[in-house]
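Q: As they're listed, the protein sequences go chains A and S. Under my numbering, the first residue of the first sequence carries the number 10, and numbering increases by one thereafter. Under my numbering, the first residue of the second sequence carries the number 10, and numbering increases by one thereafter.
Just so you know, nobody snuck in bad clues.
Each pair may be met inside one copy or between any two copies, as identical chains are not told apart.
Computed cross-link-like contacts, BS3-like style, restricted to lysine-lysine with a CA-CA straight-line distance of at most 27 Å:
(1) K662 with K215
(2) K650 with K125
(3) K662 with K554
(4) K47 with K37
(5) K304 with K646
(6) K61 with K587
(7) K646 with K662
(8) K573 with K554
If you are wondering where the hints come from, they were derived from the structure by calculation, not from laboratory data.
2 protein chains.
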Amino acid sequence: MNVWYYFAPLSSIIAILFTIFLIFKIFKESEGEPEMRKIAEAVREGATAYLKRQYQVVGLYFLLLFFILLYLALNKMLPIFVPFAFITGGFFSGLSGFIGMSIGVRSSARTTNACKRSLNSGLRIAFSAGMVMGLIVVGLALLDLAIWYFILSKFYQSLEVATRMEKITSTMLGFGIGASSQALFARVGGGIYTKAADVGADLVGKVEVGIPEDDPRNPAVIADNVGDNVGDIAGMGADLYESYVGSIVATMALSVSAGLKENGVLLPLVIAGIGTISSIIGYFVVRAEEKASQKVLLAALRRGIYLTTFLVALFSYFLVKLVLGNNYLYLYWAILIGLLVGVGIGFFTEVFTSDAYTFTRSLASSATTSSATVIIEGISVGMLSTLPIVIIIACGIIGSFYLSRGFYNFSLGLYGIGLSAVSMLSTLGITLASDAYGPVADNAGGNAEMSNQPSYVRERTDALDALGNTTAATGKGFAIGSAALTALALIASYRDEVRIVSDGKKILDLFLLNPRLIVGIFIGAMLPFAFTSMIMKAVGRAAQKIVEEVRRQFREIVGLLEGKAKPDYGKAVAICTKAAQKEMILPALLAIIVPIIIGIFLGVEGVCGLLVGALTAGFVCAVMMANAGASWDNAKKYIEKGNFGGKGSQAHKSAVVGDTVGDPFKDAAGPSLNILIKLMSMISIVFLGFILRYSLFK
Amino acid sequence: MNVWYYFAPLSSIIAILFTIFLIFKIFKESEGEPEMRKIAEAVREGATAYLKRQYQVVGLYFLLLFFILLYLALNKMLPIFVPFAFITGGFFSGLSGFIGMSIGVRSSARTTNACKRSLNSGLRIAFSAGMVMGLIVVGLALLDLAIWYFILSKFYQSLEVATRMEKITSTMLGFGIGASSQALFARVGGGIYTKAADVGADLVGKVEVGIPEDDPRNPAVIADNVGDNVGDIAGMGADLYESYVGSIVATMALSVSAGLKENGVLLPLVIAGIGTISSIIGYFVVRAEEKASQKVLLAALRRGIYLTTFLVALFSYFLVKLVLGNNYLYLYWAILIGLLVGVGIGFFTEVFTSDAYTFTRSLASSATTSSATVIIEGISVGMLSTLPIVIIIACGIIGSFYLSRGFYNFSLGLYGIGLSAVSMLSTLGITLASDAYGPVADNAGGNAEMSNQPSYVRERTDALDALGNTTAATGKGFAIGSAALTALALIASYRDEVRIVSDGKKILDLFLLNPRLIVGIFIGAMLPFAFTSMIMKAVGRAAQKIVEEVRRQFREIVGLLEGKAKPDYGKAVAICTKAAQKEMILPALLAIIVPIIIGIFLGVEGVCGLLVGALTAGFVCAVMMANAGASWDNAKKYIEKGNFGGKGSQAHKSAVVGDTVGDPFKDAAGPSLNILIKLMSMISIVFLGFILRYSLFK
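Next comes chain A alone, as it looks inside the complex:
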């Protein structure tokens, strides 16, 4: 094997070992008093129940798709390894979600308990739990890729290097389908779950009965807490696992037609590896003093991410030099650009969503007029936020293409775009950690509230929680941006795949004015809207069921409101779980079937149009919804801090309407679009052989 190959399995093993170290560290902390344990236990049970049920449905889906893929492979429409790699990809993604969430739900009470000692201890526990998710994702993803690369290299070792690389990368490209499928269930199902529970709990608890958030008398409170873990840990993790794997395999595939030999194929793995090591180093600077303000806490988290980014920037300069030689050193620009795009999107996301800036403040002030103006203003803010973020992505694409010598070598330019996606995602270990940290801190706050901790503990968990809200918004921006670059890299490699799969027989007519292509773009641009509509309706229906259940419990369980009886948390959890799995079927089918239908009726060109249309419009929609939602959320919180009349004022009521609309926007529909654009690209790649054979336009 090529020496650079060992980078990936090595850093994967380091990541996994470090994860084990973190888990031991977390488990050294006590879960606190019996009351705290009991609450944590309930959340844990709910989360496990959800995962169990989800994995059953996923299992069924995987079985079905496995046989379809096997059929395609046996009929020479797909490399024979893909069905099996599909299984391992799905398994590792599912495993990382399981581990990440298991640790997450075991860390919240421990965080609360650590907060009794000091703020820094709490931060370290919660962040360690996030880091477990971050590192297990990159660790298992790299492991999966490394194993298959090894197997395929051995299998094809008799071939000369160019053909071997083409075979290996073209096969590996199909792997992403496993991670994509897993992400679909985790993100879409998780999104529906978390928002149904949240909205359902709030509508009855806060609005109808008038009890505070996280009140243990609310029968949906545990489901709400479970939802945070399900949506923001497991869902986010699976989403980024997919991007991570997708960007790496797409870039590997792009390197072949760029003429870069095996070292070019391995470079993405090397960059990912160094990012993993850098993330671990970054972990150690995330700490705060006891009396730290929220600003200082945020700075602590940022320090970790910035240090990691800096280290990747530094190391990869030498790695590009060593792996590809001085002649290809300009490819370093693409890596640098990818890192900058990540930082830039994070910055502008904050500008549009944090109450430290004018947009969210003026959104809050619009709440003094009426709830209608809050809605109009919030949508405006979200829409306007797409302007700088699209410009950043645009500069990233153009920059990484042309600086990678796309002027002279088109394929090399595309490889550059892929590299920038890989480098953006290389810091995933720590960026995902700062994301997954959020639900742990949130649950810690819930635990403190429910178990009646002294006020200094709650103040500390509140400080950690507030921080989580900020990182959640930037984390979403990062997830969307990386999804866009990943999908673009997948689309770019699609072109090569068409050549390879058709043995050079199919001439792609990707002329923009080809009506099949234009129509593909039209339909692609429409899909995010139809998809969003379905998800939002699904959330609405699921929330309605929760509302009915919570009302029923308040009505039927004697003494519940007086705190003399316990609600049946499990029932609400079960309803959410069932509803989420059921409601996701239709949108999931849409994402899977549309590329195949378009392929049959409009040919490969129509599919390309479809993917580009869905990518561009989907990206803009996702950014809009994430930022509008976060801005509404923070505007409400800004008013709750005492501005414009504070809690209970007319402005606050209007702001709550905005927040309620924003919830499915930012936590269900928006993130699901990440999956839509990537999954459709993967489906198109995997079903390419099928479409080439059965399309009406050949």
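With chain A fixed as given, assemble chain S onto it according to the hints.
A: Frame of chain A, contents of chain S only:
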């Protein structure tokens, strides 16, 4: 001159003569009692004041752009005729807006008065006023095109036919810029005006002071009535004038590279001509019995449109046969498809927005939960409505392309797409009439209310008004659909223009994966969002000014609320006028400057991507906003009819929030997107010579 040429000027003259006949007919009706006259007079003054002010601003803009175009022409970056045709195009579009609106504001009191006699008389007056707008638009547009075709034919008569046609059509393509510019001001400015007045009047009048709609004590009531005319007559008219001219000139240009000689160039004009005559015939079947229900009234309007559509379908079969001969008879399919697309979009628009169907009813039922659910549900309905409508457009594009033999002759296929746009718009005389009828009926209702007419008169005007609301929604769908096809035809002809303007030197690299193209699509997909955000903020700011003014008058004018003193209507009108003109500058600049900037930095390929991205995402956004808005509006009205608690219930309050959000969606932002996608295409075409010379990518 070719004999088919005379079709256009002839039908133009018939249209204009018939318009004069209609005006005489309207003026035979009395304006009624002094009170009615006074109210009509106030609206008239406001509308005239608005138009005067707008034309001043437009004049300035035209002067500026004229010199820019002249500079381009003198430096050989544009045919020398374009700057002058720009002026005539703008002038005729402005003139038709002026005539249409002048008649509109002179017809409302007459409609009220005629309603005293019978419902049918009222319908005939209001519909005649709408017909004036419809026919003057097509009449003047055809006249402008015919005159210039004549001049250019004479000027280039020494050239052999193919070159002559290329010169003529390439020059005429640039003409659309005049109509586009006029449309920009009419639609964007009009949209901001009408919604600022509407929202401002409602927020203080209905919500704060608690007086009914159209109450003469409300200082903004006249501005509100003016706004209906400004937005829905002048704005809608200029929008469709632009589509009409744009689709015709684009198709003429496309015929040259399709190799169709002069007859192919003239066919679009012939189709437009026969549509005009058919519209006049259709006019005569729009009449109702005295005791007609709303359903029957709607059927009467529909009968007119369907008859016209049928006549165009019938006549154009023979015309295609005669003009192009039997060998090209298959082009008739494209014409048929265009007509069907128009009907199909109208149908689905109604399904999603009318309270006769489930979507709007379940939206109304969601109002019983909370205003947040109304918002979520309304956005869902709007988003879902894009699914069938995009599929219709997609089938239209694919069908008209391939049935026009796009399998074998690519350019002929594109010509087919253009023809379908022309045929869809050929019924404009009567479709625009049923649109422009709305504000007249609405104002007639306002007049009846303000002048305290007996209840049977108000019942009749209400019946006419309710009908106007239905036609407004389908009219918007028609405007959006035709804008999309027009923009597509313009983009298609852009390719030929690149060849012609660069003398065949510029090789267009419209490969979809060209990163400049992809980035163009990204930015294009983002623009509708940024544009919408700007328009909605502009409406918000302008409405705020009206709110302050209305509050001031209620505070300062003694006895106003008791009906003992008169409000100062003129002040509110003046504020709206000024605000609309000021607020539209920024979005207008965006539409004009972005294609030029993209051209400079990303080349012609980037511009193509930009146009396609803006077209597809803009179309989907516009449909979403129009239908969500109309559905909210009708859900509110459905509740007001007594469902889910009726007026004043909690459900009604929630529905009002939806309606308030929907207002700027459907009447300001949504329709403005039609302009954005067409104007950017026109700007790109006109500045093509400039971009080819100064772009960084040549």
